[in-house]
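Chemist: Sequence:
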Amino acid sequence: MPAARRTLRAAGLAPASAAPARLRVGVIGAGRVGAVLGAALAAAGHDVVAASGVSASSAERAARLLPGVPLLPADEVVAAADLVVLAVPDDTLAGLVAGLAETGAWRRGQLTFHTSGAHGLAVLAPAERAGVLALALHPAMTFSGAPEDADRLAGAPFGVTSRPEHRPVAETLVLEMGGEPFFVAEEDRRLYHAALVTGANHLVTLVAEAADLLRSAGVGEPARVLGPLLTAALDNGLRRGDRGLTGPVVRGDVGTVRDHLETLAERAPESVAAYVAMAQRTTERALAAGRLKRHEGAPLLDLLHDARDAHDADPAGSR
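The numbering of the sequence shown is my numbering, which starts it at 1 and goes up by one.
Hints are computed from structural coordinates only; laboratory data are not their basis.
Since we're looking at a predicted model, the values are computed, not measured.
The beta-carbon is built from N, C-alpha and C at its ideal position, and this holds for glycine as well.
Be aware that one or more of the hints could be misleading.
Stated by the list, open to error - Label-pair distances were calculated between CB atoms; the ranges are: (1) Glu284 <-> Thr103: 49 to 55 Å; (2) Asp212 <-> Gly109: 49 to 55 Å; (3) Ala185 <-> Gly68: 37 to 43 Å.
Starting from the given sequences, assemble the full structure and let the hints guide the process.
Modeler: Spelled out as structure tokens, the structure:
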């Protein structure tokens with residue numbers, strides 16, 4: 001059965017024998033995520049008929065990933081589409097959905113999904129009231145705008161929030177885009193997104209921070225040093241959780257941590273706060289996991305609390 005027929009049957013929109021060969025897809029937000037998902041839906045047999053994007057990079061990306069697809073205003077994209085992909089920033093999503101509802105752009109029988117990890121179905125309520133079948137489909141993957149982004153969809157997990165009766169539609173769409181669906185309850189959506197941001201966005205910051213410190217220490221190619229170390233650490237963390245922890249905190253080496261803090265205060269004062277915060281949380285997790293005994297962790301926490309207070313009092317490191 002062609003992809004579009006499977007989607008329509010799952011949505012209950014029309015009998016398979018009467019359905020058109022392809023769903024008409026509109027993409028609002030032809031950015032790093034939207035253009036890639038549009039291309040994936042096109043590869044699955046759907047017809048991307050319109051897209052919107054205001055920046056020059058969005059126009060370039062649409063031309064590359066969605067060749068021949070016209071860039072139109074958002075309301076015209078909705079008017080042209082059976083399935084509307086909303087791939088816009090989190091903070092603009094609610095206003096966009098509500099604005100389209102106020103102008104009567106949504107119509108009964110349409111499908112729409114947004115790609116925001118932070119939002120569930122509540123943000124789509126204005127479209128649902130107009131009779132639109134609404135879904136939240138978030139690819140738990142980082143997109144950089146590079147050509148290899150399309151390949152990253154293969155097997156990528158998608159955090160799905162939907163009405164129970166609409167789960168077959170959500171699963172079908174995710175599978176057609178090459179992903180693997182898992183379900184996130186509406187009330188858990190913000191926590192789910194905070195977890196991903198902690199793991200992905202903060203990881204990039206930590207890696208960049210470590211690389212900068214190595215450069216300050218005279219290491220010309222930090223990636224060569226960090227690559228094997230971080231790959232092993234990530235593997236340990238994913239497989240073993242807190243049991244994969246290594247380093248001075250889990251050994252209770254208060255003197256080493258003190259040396260780090262003194263050196264950072266002198267050489268890289270802007271990094272002190274991040275080091276203290278991560279070392280404190282690492283100590284707390286090591287204690288909770290039984291990797292540190294209470295008498296080993298207490299001196300570390302005292303040291304870190306004092307360092308935090310000193311840094312707060314003099315964040316410029318002028319003391």
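Chemist: For each hint, tell me whether it holds in the structure or not.
Modeler: Verification of the supplied hints:
1. Glu284 <-> Thr103: 49 to 55 Å: Holds, since Glu284 and Thr103 (Cβ atoms, about 51 Å apart) stay within the stated range.
2. Asp212 <-> Gly109: 49 to 55 Å: Holds, since Asp212 and Gly109 (Cβ atoms, about 53 Å apart) stay within the stated range.
3. Ala185 <-> Gly68: 37 to 43 Å: Hint holds: Cβ distance 40 Å, inside 37 to 43 Å.
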